Amino acid sequence: MTSDTTFSASPPSAAALKEIEEVADAQKSPSSASSLTESSGSSDIIEPVSESTLEITKTEVSEKIVAVAVDERPETPPPPFSAFSKNQKWTIAGLCSLAAIFGPISSNIYVPAIPQIVKDFHKTTQTIDLTLTVYLVFQAVSPSFLSNLSDFLGRRPVIMACMALYIIACIGIALTPTSDFWLLMVFRALQACGGSPAIATGAGAMGDIATPAERGKYVGLFQGVAMVGPAFGPTIGGILVQYLSWRYIFWLLSAWCGANLICIFFLIPETLRSIVGNGSIPPPALNCRPTDWWRRMKAKRTEDVETQNVQRPEKKPYKPWASFNMLLFPEILIVLAFSSCSFACMFASLTVLSSVLADDYGLNNVQIGLCYLPQGIGCMVIGVLGGRFQDWYFQREKKRLNFHPKHPRDLEGFPIERVRFATVPYYLPFWAAACIGYGFMLEKRVNLAGPLVLSFFIGAGTQFSSQTSQLILVDMFPSNAGASSASSNLVRCTFSAIMTACVTPMLNAIGLGCTFIIFVSLTIAACPFLLILAAKGPGWRKKRAKKWDHK
Numbered sequence: 001m002t003s004d005t006t007f008s009a010s011p012p013s014a015a016a017l018k019e020i021e022e023v024a025d026a027q028k029s030p031s032s033a034s035s036l037t038e039s040s041g042s043s044d045i046i047e048p049v050s051e052s053t054l055e056i057t058k059t060e061v062s063e064k065i066v067a068v069a070v071d072e073r074p075e076t077p078p079p080p081f082s083a084f085s086k087n088q089k090w091t092i093a094g095l096c097s098l099a100a101i102f103g104p105i106s107s108n109i110y111v112p113a114i115p116q117i118v119k120d121f122h123k124t125t126q127t128i129d130l131t132l133t134v135y136l137v138f139q140a141v142s143p144s145f146l147s148n149l150s151d152f153l154g155r156r157p158v159i160m161a162c163m164a165l166y167i168i169a170c171i172g173i174a175l176t177p178t179s180d181f182w183l184l185m186v187f188r189a190l191q192a193c194g195g196s197p198a199i200a201t202g203a204g205a206m207g208d209i210a211t212p213a214e215r216g217k218y219v220g221l222f223q224g225v226a227m228v229g230p231a232f233g234p235t236i237g238g239i240l241v242q243y244l245s246w247r248y249i250f251w252l253l254s255a256w257c258g259a260n261l262i263c264i265f266f267l268i269p270e271t272l273r274s275i276v277g278n279g280s281i282p283p284p285a286l287n288c289r290p291t292d293w294w295r296r297m298k299a300k301r302t303e304d305v306e307t308q309n310v311q312r313p314e315k316k317p318y319k320p321w322a323s324f325n326m327l328l329f330p331e332i333l334i335v336l337a338f339s340s341c342s343f344a345c346m347f348a349s350l351t352v353l354s355s356v357l358a359d360d361y362g363l364n365n366v367q368i369g370l371c372y373l374p375q376g377i378g379c380m381v382i383g384v385l386g387g388r389f390q391d392w393y394f395q396r397e398k399k400r401l402n403f404h405p406k407h408p409r410d411l412e413g414f415p416i417e418r419v420r421f422a423t424v425p426y427y428l429p430f431w432a433a434a435c436i437g438y439g440f441m442l443e444k445r446v447n448l449a450g451p452l453v454l455s456f457f458i459g460a461g462t463q464f465s466s467q468t469s470q471l472i473l474v475d476m477f478p479s480n481a482g483a484s485s486a487s488s489n490l491v492r493c494t495f496s497a498i499m500t501a502c503v504t505p506m507l508n509a510i511g512l513g514c515t516f517i518i519f520v521s522l523t524i525a526a527c528p529f530l531l532i533l534a535a536k537g538p539g540w541r542k543k544r545a546k547k548w549d550h551k
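Everything in the sequence shown is counted per the working numbering, starting at 1 for the first residue and increasing by one.
Worth flagging that the hints you see were computed from the coordinates, not collected in a lab.
Careful, some of the hints might be misleading.
The calculated lysine-lysine pairs, modelled on DSS-like cross-linking and capped at a C-alpha distance of 25 Å, are [to be verified]:
1) 542 x 444
2) 86 x 398
3) 444 x 536
4) 536 x 86
5) 89 x 398
6) 542 x 398
7) 444 x 543
8) 398 x 536
It should be emphasised that the depicted structure is a prediction, and the values quoted were computed from it without experimental measurement.
With the hints as extra help, turn the sequences into a complete structure.
Here is the structure:
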């Protein structure tokens with residue numbers, strides 16, 4: 001007798017097992033077999049088989065039933081890398097970008113106000129310049145401690161606390177009596193402590209919500225908006241000083257930051273993966289938005305399949321010296337040396353432009369401020385387009401190398417160092433030519449249109465270098481993105497301070513054109529080390545992963 005047997009995903013019933021046993025007994029006993037044959041009719045003849053064959057058949061049937069039951073058991077789908085929607089990701093990136101403006105813009109929005117502050121406080125220009133020096137020092141150092149805290153407490157409470165401190169400092173500066181110069185120094189230091197950490201903290205948030213394959217567009221927006229500050233600051237400051245007073249600069253900054261803080265308070269969720277996982281784990285009270293509080297009060301959160309299977313990474317202890325310790329890694333030093341030299345060169349071009357336009361071109365504060373716009377526009381354009389290009393190039397190389405990681409963050413075996421810096425030979429020559437041409441054009445007092453066009457390309461090239469460096473830092477330290485960004489800020493501000501201090505004496509000694517040749521040469525000198533990074537970077541990364549456990 002031939003029969004088609006369909007195995008279900010459920011275990012065999014008691015009746016089925018009993019039937020198998022009856023067949024076995026029938027095959028063992030000839031008399032039983034005869035009676036079974038008579039009862040079943042002439043068409044259903046059961047031929048006797050050996051006992052060993054029957055035992056094998058029973059075993060195969062049982063194994064198939066169990067195997068099918070196991071194979072057809074519904075598998076739990078793996079949770080997504082991020083539970084945030086696309087709109088939520090763009091909201092997080094946009095508001096973090098706006099928060100990152102205040103640190104850079106507060107440095108040079110203040111520059112057009114220096115002559116008026118000198119007059120009001122009855123101090124020399126050199127004395128008032130100390131307020132700039134104090135700001136730059138705290139701008140470099142404070143993120144190394146406060147941004148590291150965001151890798152421990154969470155992005156949301158740290159960025160909100162820093163913005164609140166920034167608002168208090170701006171109001172304090174606006175109200176400082178002209179007889180208390182020391183108070184102005186104190187509030188400038190507090191302003192730097194409040195505004196600067198947002199850059200590193202926001203960069204950490206980009207690493208929380210985006211995989212390496214999609215991170216470029218978010219980091220591009222973040223870096224592009226943050227770099228607008230140095231370019232647009234003098235324009236805003238010049239207009240306010242020309243028509244109102246230097247105190248209105250800080251009233252504007254406090255109101256602007258306050259509006260952004262309100263938006264962050266209501267809209268930005270906690271993103272730190274050691275606290276909320278991929279975003280589906282309910283945050284603790286310290287990290288809750290008002291909507292999160294309402295959800296907690298209204299009802300207990302419904303646990304879905306994705307939330308149940310999301311694993312929260314182990315929370316690491318607070319390491320205040322983490323950003324300094326990162327400077328001991330050769331790959332970090334190579335990345336920061338390249339990006340910091342190019343950024344410092346752009347910052348020097350911004351610093352020298354004001355005095356040259358006033359002395360050699362006879363422009364007023366408003367006109368000088370408007371001349372900073374091309375560089376800011378260059379930063380914004382590359383911030384948007386450059387990030388998307390990085391994502392496209394990453395996906396192309398990933399497909400070409402047939403790279404399929406088990407985890408979206410896993411880059412083991414992928415040459416991320418080579419992929420991120422592969423475009424340097426294509427854009428760096430144009431950036432270098434723009435910097436050198438910019439210096440010689442201003443030195444020769446040519447038509448102002450020439451230097452302004454070149455300043456656009458200076459901003460664009462510098463933005464692409466900074467954006468690429470920020471991406472590779474987050475790629476290498478995804479779980480310590482705040483600390484890695486703080487180390488970048490420390491080195492970048494240090495280089496900028498050195499070049500800014502050197503640019504005026506060098507201008508007087510050898511001219512502006514030769515000064516920028518030297519500055520550009522420093523950036524080009526760092527390029528051979530990028531080849532070393534591309535060759536040895538994967539090995540360094542694998543060795544470092546054992547210590548930092550960044551996956």
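Tested hints:
Using a Cα cut-off of 25 Å, the hinted pair residue 542 and residue 444 is violated, with the two alpha carbons roughly 52 Å apart. Between residue 86 and residue 398 the CA atoms are separated by roughly 22 Å; this keeps the pair inside 25 Å, and the hint holds. Proximity of residue 444 to residue 536 is assessed by CA-CA distance (about 45 Å); at most 25 Å being required, the pair is judged violated. At most 25 Å may separate the alpha-carbon atoms for a hinted pair to count; residue 536 and residue 86 exceed this at roughly 35 Å.
A C-alpha spacing of about 23 Å is found between residue 89 and residue 398, which places the hinted pair at or below 25 Å, so the restraint holds. Note on residue 542 and residue 398: the hinted pairing holds, with a Cα-Cα distance of about 19 Å set against a maximum of 25 Å. Simply put, residue 444 and residue 543 have alpha-carbon atoms about 52 Å apart, too far for the 25 Å limit, and the pair is violated. With a CA separation close to 19 Å, the supplied pair residue 398 and residue 536 stays within the 25 Å bound.
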